[in-house]
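Peer 1: Sequential numbering from 5 applies to the sequence shown in the working numbering.
No wet-lab data here; the hints were simulated from the structure.
Each residue gets a CB set at the ideal place from its N, CA and C atoms; glycine is no exception.
One thing to keep in mind: the hints can contain errors.
Dumping the calculated EDC-like pairs for lysine to aspartate or glutamate here, alpha-carbon to alpha-carbon at most 16 Å [said to hold, decoys possible]:
| no. | residue 1 | residue 2 |
| --- | --- | --- |
| 1 | Lys140 | Asp119 |
| 2 | Lys140 | Glu112 |
| 3 | Lys381 | Asp269 |
| 4 | Lys159 | Glu197 |
| 5 | Lys99 | Glu137 |
| 6 | Lys32 | Glu70 |
| 7 | Lys159 | Asp233 |
| 8 | Lys172 | Asp344 |
| 9 | Lys140 | Glu115 |
DEER-style ranges, computed between Cβ atoms [to be verified]:
| no. | residue 1 | residue 2 | range |
| --- | --- | --- | --- |
| 10 | Ala173 | Gly60 | 50 to 60 Å |
| 11 | His329 | Ser248 | 21 to 31 Å |
| 12 | Asn278 | Ser385 | 29 to 39 Å |
| 13 | Trp110 | Arg31 | 22 to 32 Å |
| 14 | Ser385 | Asn297 | 21 to 31 Å |
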Amino acid sequence: MTFSMLGPEIKAIIVTQDANITVSAIRKLKHYAEKGLPIILSGRSAQYYPISNDGGVEAFRKGVQELSQARNVRISGSGDIAKTLISHGVSPRIKVQTNGTWYTTWREDNEAEVDYAFILSDGSDSQGKIRVETDKIPYFFNAWTGERQPVFQYKRRAGSIFIPLTLKANSTAILAFSAQPLDGMYTPSVHVESGPSSVLGYHLDHKGGAVAQLAHTVQKAAQEFVLSDNSTKVVPSTSAIPTSFPIRNWTLTAEHWEAPKNMQDASTIALTRNTTHHLSSLLSWTEIPTLVNASGIGYYSSQFAWHTDYKNQTGAYITFSRILHAVQVFVNGEKVGPIDPNTGTADIGAYLRDGENELLVVVPTTMWNYLRSIFSKITESGVPPFLSRLAATTGLPNILPIGLVGEVHILPYLSFALGN
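Construct the entire structure; sequences and hints are all you get.
Peer 2: Okay, here's the thing in structure tokens:
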């Protein structure tokens, strides 16, 4: 066990009771502890891993005893590791406070002087904040669209930065902390320290100024932003902004992908045909009688009315309650940027027009539901596929939900300029 100058910045080593270690490893750990590296022995003694000429079990027991008495070594219960680390002065690079479960990863690019934080919300929608010890400039990176933008709302206190986050279940936030402004990106000199709960997001306008997007609120009172230069921005009441509304009455054009008549002819990828279905609500294809065994691509079209007011300072997000696989969205014929299937949200403000708006959502499906219906006809190198042998005893896997399901909403917002 050797540490490299170019290796990970290890702050402590934890040895759990189910670890298998050699006598030489015990001696190395004792050496590191005496040099100042915190060592935590969690639970009962680790297990002996024998190798030739290491002194045997007695040497292992003696080594463990000497290690436990060495400087910078602590013994803790299996549930007290975090507290023991704190007592050693060891804390995570990313400190988390949330009502959910967030997992974090930290990476550093020393040459570019940029650090990266990855935060995963596991299992449920959640809110909270992170704390990072840094004086660098924070940015959000969107892995789906490739967009980079400054973090507009945060606080700096005692050498640390505090950033509030709202994360959908199983979604990831990617942040970068750069010593210098990122190339080609304007960074406002003033940021938001606190704002109203109705904020949906922020972006830069064409002049490089920060703009907040505010949702409908029931309260009539004005709201306030507190900026990092100690100034405030008062926002008029947003009670007149329309509330979120659902999209109903869809027309589904289902493009069926089916096998050619001669399944031995590999020159034909698939035969396609279209069927049309009128839906008052969104259902899996498995719940539409004529699509139960179908696979292909779904083209879902609908319309909604939009009226611009507030001096054209309104826009909207489209939100999907559930995305099974993926979606492409077109508003009035314009393609909206890629949508993260975990967040299911996209800003469509730039594509809206006064009056009737056309919405098209394109949804791919898996091929299993159709393949299952013709499985007895499928061969692989002239013989039935391996899955058929398993299916003889357990049966084929069931058909799967596919298509566009759940609810689709339009969420209006008011754009409020915060300045440069």
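Peer 1: Would you mind marking each hint as holding or not holding in the structure?
Peer 2: The hints, checked one at a time:
1. Lys140 / Asp119: Between Lys140 and Asp119 the Cα gap is close to 9 Å, so the pair holds against 16 Å.
2. Lys140 / Glu112: At roughly 12 Å apart (the allowed maximum being 16 Å), Glu112 and Lys140 satisfy the hint.
3. Lys381 / Asp269: Holds, because 14 Å separates the two Cα atoms, which is no more than 16 Å.
4. Lys159 / Glu197: holds (5 Å)
5. Lys99 / Glu137: Measuring from Cα to Cα gives roughly 9 Å; hence the hint holds.
6. Lys32 / Glu70: Cα-Cα ~12 Å, so holds.
7. Lys159 / Asp233: Holds: Lys159 and Asp233 sit about 11 Å apart, inside 16 Å.
8. Lys172 / Asp344: holds (10 Å)
9. Lys140 / Glu115: holds (15 Å)
10. Ala173 / Gly60: 50 to 60 Å: holds (52 Å)
11. His329 / Ser248: 21 to 31 Å: Given a distance of about 24 Å, which is inside 21 to 31 Å, the answer is holds.
12. Asn278 / Ser385: 29 to 39 Å: This hint holds: roughly 33 Å between Cβ atoms.
13. Trp110 / Arg31: 22 to 32 Å: holds (31 Å)
14. Ser385 / Asn297: 21 to 31 Å: The hint (21 to 31 Å, Cβ to Cβ) holds, given that Ser385 and Asn297 are roughly 26 Å apart.
No hint from the list above goes unmet by this structure.
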